[in-house]
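Colleague: Chain residues, written in single-letter form:
There are 2 protein chains.
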Amino acid sequence: MTENLLYLNLRSKVEISKKDFDFFLSFTKTKTVLKGDFFLLEGNPCHYLAFILDGGLVNYSIDAKGEKHVLNIASKNYWTTDLNSFFTALPSTYYIEALADTRVILISKDSFEEACLAIPVLERFFRLLFQKGYASMMARLTNVQSESAEFRYLKLLKDQPIIFKIAPQYYIASYLGIKPQSLSRIRKKITKID
Amino acid sequence: MTENLLYLNLRSKVEISKKDFDFFLSFTKTKTVLKGDFFLLEGNPCHYLAFILDGGLVNYSIDAKGEKHVLNIASKNYWTTDLNSFFTALPSTYYIEALADTRVILISKDSFEEACLAIPVLERFFRLLFQKGYASMMARLTNVQSESAEFRYLKLLKDQPIIFKIAPQYYIASYLGIKPQSLSRIRKKITKID
Numbered sequence: 083m084t085e086n087l088l089y090l091n092l093r094s095k096v097e098i099s100k101k102d103f104d105f106f107l108s109f110t111k112t113k114t115v116l117k118g119d120f121f122l123l124e125g126n127p128c129h130y131l132a133f134i135l136d137g138g139l140v141n142y143s144i145d146a147k148g149e150k151h152v153l154n155i156a157s158k159n160y161w162t163t164d165l166n167s168f169f170t171a172l173p174s175t176y177y178i179e180a181l182a183d184t185r186v187i188l189i190s191k192d193s194f195e196e197a198c199l200a201i202p203v204l205e206r207f208f209r210l211l212f213q214k215g216y217a218s219m220m221a222r223l224t225n226v227q228s229e230s231a232e233f234r235y236l237k238l239l240k241d242q243p244i245i246f247k248i249a250p251q252y253y254i255a256s257y258l259g260i261k262p263q264s265l266s267r268i269r270k271k272i273t274k275i276d
Numbered sequence: 083m084t085e086n087l088l089y090l091n092l093r094s095k096v097e098i099s100k101k102d103f104d105f106f107l108s109f110t111k112t113k114t115v116l117k118g119d120f121f122l123l124e125g126n127p128c129h130y131l132a133f134i135l136d137g138g139l140v141n142y143s144i145d146a147k148g149e150k151h152v153l154n155i156a157s158k159n160y161w162t163t164d165l166n167s168f169f170t171a172l173p174s175t176y177y178i179e180a181l182a183d184t185r186v187i188l189i190s191k192d193s194f195e196e197a198c199l200a201i202p203v204l205e206r207f208f209r210l211l212f213q214k215g216y217a218s219m220m221a222r223l224t225n226v227q228s229e230s231a232e233f234r235y236l237k238l239l240k241d242q243p244i245i246f247k248i249a250p251q252y253y254i255a256s257y258l259g260i261k262p263q264s265l266s267r268i269r270k271k272i273t274k275i276d
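Quick mapping for you: the protein sequence lines, in order, are chains A and B. The numbering used here numbers the first residue of the first sequence as 83 and each following residue consecutively. The numbering used here numbers the first residue of the second sequence as 83 and each following residue consecutively.
There may be inaccurate statements among the hints.
The following label-pair restraints were derived from C-beta to C-beta distances [unchecked claim]: (1) A:218 with B:237: 19 to 29 Å; (2) A:136 with B:113: 47 to 57 Å; (3) A:246 with B:120: 32 to 42 Å; (4) A:146 with B:104: 43 to 53 Å; (5) A:149 with B:117: 41 to 51 Å.
Result set (DSSO-like, lysine-lysine): computed pairs, CA atoms no more than 27 Å apart in a straight line [claimed, not checked]: (6) A:237 with A:247; (7) A:261 with B:150; (8) B:237 with A:214; (9) B:150 with A:237; (10) B:214 with A:158; (11) B:147 with A:237; (12) A:117 with A:95; (13) B:95 with B:158; (14) A:261 with A:95; (15) A:150 with B:261; (16) B:147 with A:271; (17) B:274 with B:237; (18) B:95 with B:274; (19) B:147 with A:240; (20) B:147 with A:261; (21) B:237 with A:147; (22) A:147 with A:113; (23) A:240 with A:147; (24) B:214 with A:150; (25) A:191 with B:214; (26) A:214 with B:191; (27) A:95 with B:95; (28) B:117 with B:247; (29) B:261 with A:261; (30) B:95 with B:113; (31) B:111 with B:147; (32) B:111 with A:214; (33) A:214 with B:247; (34) A:147 with B:240; (35) A:150 with B:237; (36) A:191 with A:113; (37) A:240 with A:117; (38) A:214 with B:214; (39) A:147 with B:261; (40) B:214 with A:237.
Hint data in this document are derived by calculation from the structure and do not stem from the laboratory. Note that the structure is a prediction, hence the values are computed from the model and not measured. Glycine included, each C-beta is placed from N, C-alpha and C at the ideal position.
Construct the complete structure from the given sequences, taking the supplied hints into account.
Modeller: Written as C-alpha cells, this is what we have:
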C-alpha cells in the first residue's frame, strides 16, 4: 500500500490509530507531477501541502536579475509546500518543480484545518513537524552566516544523501549558497581526502 | 495584570477560555533577566521557552573567529528560545542576552508537553505559532539570498520597529547580515529620501 510510507511518517512522531489515519487519508488525494513540471508557479497561491511518496521537488525563487535561489529540496518521505502562501492564500513568491516523476499525497488548506480539528493527534503531529522545520531553518540560517561552504556541503550530504542523486549540481550549489564551480572544487577536495 | 499580554497573545490565534488560560499559567513562572545578563549560554541546554512581557532578548552564535552572528531579536509580545536545544535537551550553540531589563514568562520542556496534552487548544496555538515562525524563517533565508540589504532593513523597520529602540546598531547590522558601516550608509540614504 503506497500510503504506508505516510502512516510510518506520522507514527514516527505520534501514536495515531489506524482508524484516525484512514480518516485523515479521506481528506487527501494522490497525484503524480512529471519531471520538469511545476507543482507551484510564482504568482499563484499554493493550494496544497504535499507529502512525497517518491521522487523530489525543488523550491526556488527567481530574483530581479533572473537568478534562481533554491530554498529547499524535498525527497521521498518529506513534506513540502510554500508554507506562507498555503496558510495565507497569498500569491507565492516561489516555484516548486519536480526533479523526477514525483508521486505526492496532497491536502488542501481547508481539509488540513478540518482534519486538525477532527483528529487532535494530527494537530500534535503538525505542531511537532513545524517546530522541527522551524528549528532546522534557524540552524540553516546560522550555518549560512557562520559556517564554511564545505561544512554546509558535508551536512547536506549526511542529512539528505538522496538529494545528490536527484538534483542537478546547479540546484545543490544554489541550496548551499555557492557557485557551481565552488561546489566542484569542494567535491574534488573531499574525494582526494577520502 | 501582567499576564494579560500573554492572554491576548494566545487569543490572537485561538479561542482559549479563562479557565484553560489560568491552568496554562499554573505551568509557568515569571522572571526578570537584567540588561546584559544571559538567558542562555552556549554549551548549556536551553531549559525554557520564554514569552517576553517587557524588554528584549537577542539570540546569537559566535563563530570560530570570535565574530557574533545575530539570529534573532525578540521584543515585548514575542516568544523566544533556542528551539532545537529546548526540544532535544542538547547543548545550545547560541547565547541569548538581555538587551534591557527583561521580564519573561517561562515554561520548561516537561511542563510545555504536559500543558499541550492537557489543553488541546494550546497544542493548536503552538502549531500555529511554529508554522508562522517556520514560514517567516523561510522568507528570511530567501531575502538573505536574493534581496538587497536596504530591502531587508526596511522590512525589519516595518515588522519590528521596537528593535531599533532597544538593540545596538552592531546587533541590527549582524541580524541583517551586513557590516555596521553599511547599515549607517543605508540609514543616511533613507533619511535623505525622507
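Colleague: Starting from the hint list further up, note which numbers the structure goes against and sort them upward.
Modeller: The structure breaks hints 12, 14, 18, 22, 23, 31 and 33; every other hint is satisfied.
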